[in-house]
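A.B. asks: The hints should help you fit chain B onto chain A, whose structure is shown.
Taken in order, these protein sequences are the chains called A and B. All residue numbers for the first sequence refer to my numbering, where the first residue is 1 and numbers rise by one. All residue numbers for the second sequence refer to my numbering, where the first residue is 1 and numbers rise by one.
Hints in this document: simulated from the structure, not taken from any laboratory. Warning: the hint list may mix true and false statements.
[Stated by the list, open to error] Derived lysine-lysine pairs resembling BS3-like cross-links, with alpha carbons at most 27 Å apart:
| id | chain 1 | residue 1 | chain 2 | residue 2 |
| --- | --- | --- | --- | --- |
| 1 | B | K110 | A | K90 |
| 2 | B | K66 | B | K3 |
| 3 | A | K41 | A | K90 |
| 4 | B | K110 | A | K56 |
| 5 | B | K35 | B | K52 |
| 6 | A | K90 | A | K56 |
[Claimed, not checked] Derived list of chain B stretches under chain A, where covered just means 3 residues or more per stretch with a C-beta under 8 Å from a C-beta of chain A:
| id | region |
| --- | --- |
| 7 | 257-263 |
| 8 | 335-342 |
For glycine and all other residues, C-beta sits at the position ideal for the given N, C-alpha and C.
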Amino acid sequence: MKLTVISILVGVVLIGGAILFTRGNINTNVGVDNVSVVNGKQIIGIRAKGGYQPRKSVAQAGLPTVLRFDTNGTFDCSSSVRIPSLGISKILPQSGETDIDLGLLQVGTLQGMCGMGMYRFELEFKS
Amino acid sequence: MQKTYTFHVDGMHCQSCVLMTESELKKVLGISYVKASLNHLNVEVTGDFGDKEPKHIARDLSEILKPHGYTVSVEKNWPARRSFSEGGSDFKIAIPIALAFVVLFIVLQKVGLVNLVNTGGVSYGTAFAIGIIASLSTCMAVVGGLLLSMSATFAREGDKVKPQLLFHVGRVVSFFVLGGVIGAIGSAFTLNVGATFALSLVIGLVMLILGINLLDTFHWAKRLQPSMPRFFSRHALGISKFNHTLTPLFVGIATFFLPCGFTQSMQLYTLTTGNFLEGGLVMLVFALGTLPVLALISFSSFSVQNRSKAGVFFKTAGLIVIMFALFNLINSLVVIGLIPPIFNF
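Extracted from the complex, chain A is given alone in its bound form (with noise of 0.2 Å):
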């Protein structure tokens, strides 16, 4: 039993500091100016590839909203864009302007996350 537990708390050790390695501050990564109205229309663009530049947006609640992702060769997981809470899921081509029509959002943050879930950015929605 010795050894069962031993494993168990090496097994908690490591998943934990993987977390702690890789978890990082969201909020270190705040787009400043990717978020823009044209015509009443608020698009919010992000880069996707390795991962989601800016990785947290911040913008207004209450106008109609697309997402514009921007890609450039790319091929790994975030090409594939994942918005559980509003059933979004879409691959990207390889290069070029995707919009994805997210449409009126109220104050709250979304979170969104590659298909495979380890590149993620944050949506946040002021009044």
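C.D. replies: Leaving out everything else, chain B in the frame of chain A:
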């Protein structure tokens, strides 16, 4: 005179070992009945052994089973002896190796290998390069982890070469054929979110169970091992042949549908080729790009020659497989939206 003895068997770890033990002992002159049990790790034999002592009989039976890696004894010296002394020292080596492997894996993700691809278009050269990068990316957690768990499990049953070859043949051929089909019909067969989730969940759980089994520490997990029912395997020429031929082939083909960003975007590109040959070749070259790293993973079990090192290898493989399995399970829960994102590469 017919007598019945119960002996402990060291080295039995699967249903096919039980069948192997039974079929080998049945051939022994004088033995009329053999019943091996995986749960109790023992074998019950009935037969005429003359006036040999039980100790003597155990030694004779051990001689017969030795080539298969099992030892028969009167006293129960397993798992207590192995897990605590021998098994413990295996862990002392296995844990640092597994740890180093995981750190290497995370570092590979952090350095941004994916940014090496700069072209918009895809030539066969870039498809190959993307394959190499894919095999070092988080796709390794899925495809590599699955492959490692499978090849180590087969290797422990003594079947090293064939399952591995079949896996790679299944993978490369199916990438060519399915890529060709995508190119020809012009629509990708990516699974929807629900099906992907179900597939990842099943694979994650299978990997977890295989990984725990490889550690050889938790004996209750053996009962969970997905194996052919004994009835079937007994009829398939004694030893479960089905497991060793078709399973790796199917797993190889299934990797086409596994959630891996690179595979998915290559499939999307294949769509645009518009014909069978070109589409098939792009996916084939991509699969060939992933081959060196995957081959390295699967044939690592070749290095296992003597039993003392085998323990270290299987425990290391087990730890890595368990970590990849948990990584995959957590990620699939994230993608379906059940838990907030945890990893952030």
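A.B. asks: Take the hints in turn and mark each one as holding or not.
C.D. replies: Taking the hints in turn, this is what the structure says about them:
At roughly 24 Å between alpha-carbon atoms, K110 of chain B and K90 of chain A fall within 27 Å of each other, so this suggested pair holds. Annotation: proposed proximity of K66 of chain B to K3 of chain B holds, straight-line Cα distance about 23 Å (limit 27 Å). Of the pairs offered as hints, the one joining K41 of chain A and K90 of chain A holds, with about 21 Å between alpha carbons and a cut-off of 27 Å not exceeded. At roughly 19 Å between alpha-carbon atoms, K110 of chain B and K56 of chain A fall within 27 Å of each other, so this suggested pair holds.
Restraint check for K35 of chain B and K52 of chain B: the C-alpha separation of about 20 Å stays at or below 27 Å, so the hint holds. As the CA atoms of K90 of chain A and K56 of chain A are separated by approximately 19 Å, the hinted pair is consistent with the 27 Å bound. Counting residues of the region 257-263 of chain B whose beta-carbon sits less than 8 Å from any beta-carbon of chain A gives 4, enough to reach three: the coverage restraint holds. Counting residues of the region 335-342 of chain B whose beta carbon lies closer than 8 Å to any beta carbon of chain A gives 6, which meets the minimum of three for the stated coverage.
Checked against the numbered hints given earlier, this structure breaks none of them.
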